Amino acid sequence: MDVREKSYVTVYTLANRFEADIVAHALEQENIPFWIRSFEDTAYDGLFVVQKGWGHVLVPRQHYHNAIRIIYALLKNQPRKGLYEDPDEVDPALWDELLGLSADDVCRASGAEYDKLSGSYRVPFFNRTLVCNPERRIIEVDPPFSALTVDFETALVGLNYLINAEPVEPLGKWVGEKDLPGGFVFFQGPHQLPTRPLAEMFQMNPEDMEKAVEFLGGVRGDKGDCSYVFRVFPRVPVMVIFWEGDEEFDPQAALRFDETITRHFPVLDQIFALSYVLYRHIKGALKEIGGTA
Numbered sequence: 054m055d056v057r058e059k060s061y062v063t064v065y066t067l068a069n070r071f072e073a074d075i076v077a078h079a080l081e082q083e084n085i086p087f088w089i090r091s092f093e094d095t096a097y098d099g100l101f102v103v104q105k106g107w108g109h110v111l112v113p114r115q116h117y118h119n120a121i122r123i124i125y126a127l128l129k130n131q132p133r134k135g136l137y138e139d140p141d142e143v144d145p146a147l148w149d150e151l152l153g154l155s156a157d158d159v160c161r162a163s164g165a166e167y168d169k170l171s172g173s174y175r176v177p178f179f180n181r182t183l184v185c186n187p188e189r190r191i192i193e194v195d196p197p198f199s200a201l202t203v204d205f206e207t208a209l210v211g212l213n214y215l216i217n218a219e220p221v222e223p224l225g226k227w228v229g230e231k232d233l234p235g236g237f238v239f240f241q242g243p244h245q246l247p248t249r250p251l252a253e254m255f256q257m258n259p260e261d262m263e264k265a266v267e268f269l270g271g272v273r274g275d276k277g278d279c280s281y282v283f284r285v286f287p288r289v290p291v292m293v294i295f296w297e298g299d300e301e302f303d304p305q306a307a308l309r310f311d312e313t314i315t316r317h318f319p320v321l322d323q324i325f326a327l328s329y330v331l332y333r334h335i336k337g338a339l340k341e342i343g344g345t346a
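Heads up: take any position in the sequence shown, counting from 1, add 53, and you land on the numbering used here.
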């Protein structure tokens, strides 16, 4: 057995050789050690196990989260389906960490409830409930959305909220992503928040946007030309602010977080993922109501 098989972990399943090349280049630029193992080079090669894709990218365990961030930012907008869309791809260590915590402490900090019979946490999520069973490693929304499924980012954000949340209520002081510690450097380039597609959705049909917000349990805010506040989790409100476009200026959107956000999501990657969870749920809500997304 290659020594790397003991110390390296899989972070991504490659679709083809071309994808392998661009991922390898990106990891090299960030000085992250990696190993690309083609299924053609393994003993499996489809003989006993059906292999999905072309091969695997493996990195040392201590580089797992950085590698995810780089690959996700690089390939997020590619048309290929399957890049961190499946909640099963969440780091198993997160499930183990949640399983090892006191349910009473988790509920007190996060505002969740714990069902002893099923072994599941139930935490308010928009105007629904996110149900998380760490022993069975299952996460789902109750009642489910017809136009949305629980994807990788929703599972990632939900688990991190349950693990990291502190018993701190929102203070009502809104801050931008670049006001957060380290945010000015982090939230640019591949880590820009999805404000542009949000602005375009609002500009296209503000009436439908209003209905989508109501569908998710959002409420009107008092910023910009129009703004809405979503209670993504009990202690995590997020505001979306819109400014209409005209002949001179393009439509604009911005996200604002309560200044306590880092008490619940201490890593900026998690806040980045949270922004896309919100964006996708707004887009999904537009589909649910028959609007234009």
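Just so you know, the hints here were simulated from the structure itself, not pulled from any lab data.
Keep in mind that this is a model prediction, so the values were computed, not measured.
Incorrect hints may have been included.
With a Cα cut of at most 20 angstroms, we get these calculated PhoX-like pairs of lysine-lysine [what the hints assert, rightly or not]:
1. Lys-276 x Lys-226
2. Lys-276 x Lys-231
3. Lys-264 x Lys-336
4. Lys-169 x Lys-264
5. Lys-276 x Lys-264
Worksheet item: Tell me, which hint numbers fail for this structure?
Response: 4
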